[in-house]
Amino acid sequence: MAPFLTAGPYSARDGEGRVLFDGLGIALEEGSLSVLDGPSGSGKSTLLRQLVGLVPTPAADRTLAGEGFGPRELPRWRSRVVLMAQDAPMLAGTVGDNLRFPFTHRGAPAGRPDERRLGELLAATGLGAIPESRAVATLSGGERHRLALARGLLWDPPVLVADEPLSGLDEDAARTCFDLLLGFARRPGHAALVVLHDRSRAHLADHRLALRRGGGGEA
Amino acid sequence: MSPLITLGPVELAVATLLVVAAGLISIALRLGIGRRLAVAALRTVVQLGLLGLILEQVFALREPIVVAGVLLVMSVFAAREATARTSTGYRGMMVDAWLAMAASCFAVGAVVTQAVVGVDPWYEPRYVIPLVGMILGNSLTGIALGLDRFLDHLANRHAEVELRLAYGASRSEALAAPLRDAVRTGMLPIVNAMAAAGIVSLPGMMTGQILAGSPPLQAVAYQIVVMFMIAAAVSGGAMLVVLLAGRRFMGADAVLRLDRLRSS
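Order-wise, the sequence lines are chains A and Z.
Under the working numbering, the first sequence has 304 at position 121, and the numbering climbs by one with no breaks.
Under the working numbering, the second sequence has 157 at position 140, and the numbering climbs by one with no breaks.
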């Protein structure tokens, strides 16, 4: 069976010009969650940013469910292969703004989020008590990460790419959020690629990919 | 109307005593700016003197090509000033500033001189040069503030821009927030000036016209035209320069190229 997502080749060097990885390709299987492993400084975040096309990758090809995406279709690709970036960045504004803004983009499918789903996700991520009018600047680090996850799941793209989505969460919250990601990824027409800060949960993933320092990697 | 009071060498010499008084204060208080004050005062005399001589010639010649040349030179200097003090920069910033400045100022200047004031002939330097000069001077501020704010937004809030991109935003959607932020900042001075006009300050041009003997209501009419034309030129110039700058940092693939930002 052909992979659900294929992308690459990707190459990167570190600040001193040493090769982190070279000619690396990524393939994700439908209905699976893959964990990307590697020591810090091995280029995991760089690889994720290249995969979603937030940095120039002139040599790369991308396909999702058999459909190819050229350089001019990068915005459409990004709306389907969504990066949940490190440190859970937020727009200045309210919790509601941050959950809803993707649906205001021209490329958005329906135009507005499913309100019932939105409520369910806030409850599931433990944010049920926080009003949508609250300014995100007042949230704790853990709350921001949970909000970023709720936003990703509400948008419900075919592929979520998450860079340390569980950092700042206590053990219970981390387990709940990881289960939400697993539940997301193990559906038909979906997949996820996740970098985990704490690797104790990595054995629960369907696939493990490793980047090795200085020696390129396999994925 | 009483005849105009003209200023001669004696009057200017008396005025010089005023700036000398300022210099004495600097020396007495050891402000250490006596030298800079002297240089600045000298520059005022030399620069304005040269301008006066050039304007006398240009007004006398009344040649459209000469008027156009003066306006062109003014716009290039304005673009240089607009980009001289931004905290960060990028390759081609001055070109963008000049394009935005020229497009907005010459468009607004054309409307004002031709349709509102009805200058005849169309290049009459006595009207065209001061009016366009005033537009340039003010849109310079708007463009400089807007550009600085835009670059600052990209440098310090790039995570927000990339967050939008990560959820499929197009180039214009990703740059909408920095653009609004920048144009708003660029327009603040003229909005404040319009709100305070006549209450807090007598605007410069009106003051000048009243001193030159115009009836106050006529001076007011000109001042209103000037305020509105500045508002149009500032908003147009700030928006254009940010659109041009945005194209340098994001191509059709909507990848934010922060590596093109350099500190200056």
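It is worth saying that the hints were derived from the structure and are not from the lab.
We treat Cβ as the ideally placed atom computed from N, Cα and C, and that holds for glycine.
Don't take every hint at face value.
[Said to hold, decoys possible] A few chain Z residues facing chain A, derived, Cβ under 10 Å:
no., residue
1, 93
2, 97
3, 101
4, 103
5, 172
6, 177
7, 180
8, 184
9, 188
10, 190
11, 220
12, 221
13, 225
14, 271
15, 273
16, 274
[Said to hold, decoys possible] Ranges of calculated distance between the beta carbons of each label pair, as one might list FRET restraints:
no., chain 1, residue 1, chain 2, residue 2, range
17, Z, 274, A, 289, 20 to 26 Å
18, Z, 111, A, 255, 25 to 31 Å
19, Z, 56, A, 317, 53 to 59 Å
20, A, 279, Z, 274, 30 to 36 Å
21, Z, 147, A, 292, 31 to 37 Å
[As the list claims (entries may be wrong)] Coverage of chain A stretches by chain Z, computed from C-beta distances (three or more under 8 Å per stretch; other residues unrestricted):
no., segment
22, 236 to 242
23, 273 to 285
24, 371 to 377
Hint by hint, here is what the structure shows:
Among the interface hints, the one on residue 93(Z) is violated; its C-beta lies about 34 Å from the nearest C-beta in chain A, farther than the 10 Å criterion. Here the hint on residue 97(Z) is broken, as its CB sits about 32 Å from the closest CB of chain A, past 10 Å. Given hint, residue 101(Z) at the interface with chain A, is violated; its Cβ is 30 Å from that chain's nearest Cβ, farther than 10 Å. Among the interface hints, the one on residue 103(Z) is violated; its C-beta lies about 23 Å from the nearest C-beta in chain A, farther than the 10 Å criterion.
Taking 10 Å as the C-beta contact cut-off toward chain A, the hint placing residue 172(Z) at the interface is violated, the least distance being around 15 Å. Checking residue 177(Z) against chain A: minimum C-beta separation of about 5 Å stays under 10 Å; hint holds. Residue-level restraint check for residue 180(Z) holds (minimum Cβ-Cβ distance to chain A is 5 Å; threshold 10 Å). Because the beta carbon of residue 184(Z) sits about 4 Å from the nearest beta carbon in chain A, less than 10 Å, this interface hint is met.
Taking 10 Å as the C-beta contact cut-off toward chain A, the hint placing residue 188(Z) at the interface holds, the least distance being around 8 Å. With its C-beta approaching chain A no nearer than about 5 Å, residue 190(Z) sits inside the 10 Å limit, and its interface hint holds. Among the interface hints, the one on residue 220(Z) is violated; its C-beta lies about 36 Å from the nearest C-beta in chain A, farther than the 10 Å criterion. The beta carbon of residue 221(Z) is not positioned within 10 Å of any beta carbon in chain A (closest approach about 37 Å), and the interface hint is therefore violated.
The restraint placing residue 225(Z) at the interface with chain A is violated, with a minimum CB-CB distance near 43 Å, outside the 10 Å limit. The restraint placing residue 271(Z) at the interface with chain A holds, with a minimum CB-CB distance near 5 Å, inside the 10 Å limit. With 10 Å as the threshold, the beta carbon of residue 273(Z) comes within range of chain A, its nearest partner Cβ sitting at about 7 Å, so the hint holds. Using the Cβ-Cβ criterion of 10 Å, the hint placing residue 274(Z) at the interface with chain A is satisfied: the shortest such distance is roughly 7 Å.
Between residue 274(Z) and residue 289(A) the CB atoms are about 22 Å apart, so this pair conforms to the stated range of 20 to 26 Å. Taking the beta carbon of each, residue 111(Z) and residue 255(A) are about 30 Å apart, inside 25 to 31 Å as hinted. In this structure the supplied range 53 to 59 Å holds for residue 56(Z) paired with residue 317(A), their Cβ-Cβ distance being about 56 Å. A beta carbon spacing of about 31 Å between residue 279(A) and residue 274(Z) agrees with the range 30 to 36 Å that was offered as a hint.
Here the CB-CB span from residue 147(Z) to residue 292(A) is close to 56 Å, at odds with the stated 31 to 37 Å. Against chain Z, the segment 236 to 242 of chain A contributes 4 residues with a C-beta closer than 8 Å to a partner C-beta. That satisfies the three-residue criterion, and the hint holds. For a cut-off of 8 Å, the count of residues in the segment 273 to 285 of chain A with a CB near a CB of chain Z stands at 5, and the three-residue condition holds. Beta-carbon proximity to chain Z at under 8 Å applies to 0 residues in the segment 371 to 377 of chain A; the threshold of 3 is not reached and the given coverage is violated.
Checked against the numbered hints given earlier, the structure breaks hints 1, 2, 3, 4, 5, 11, 12, 13, 21, 24 and satisfies all the rest.
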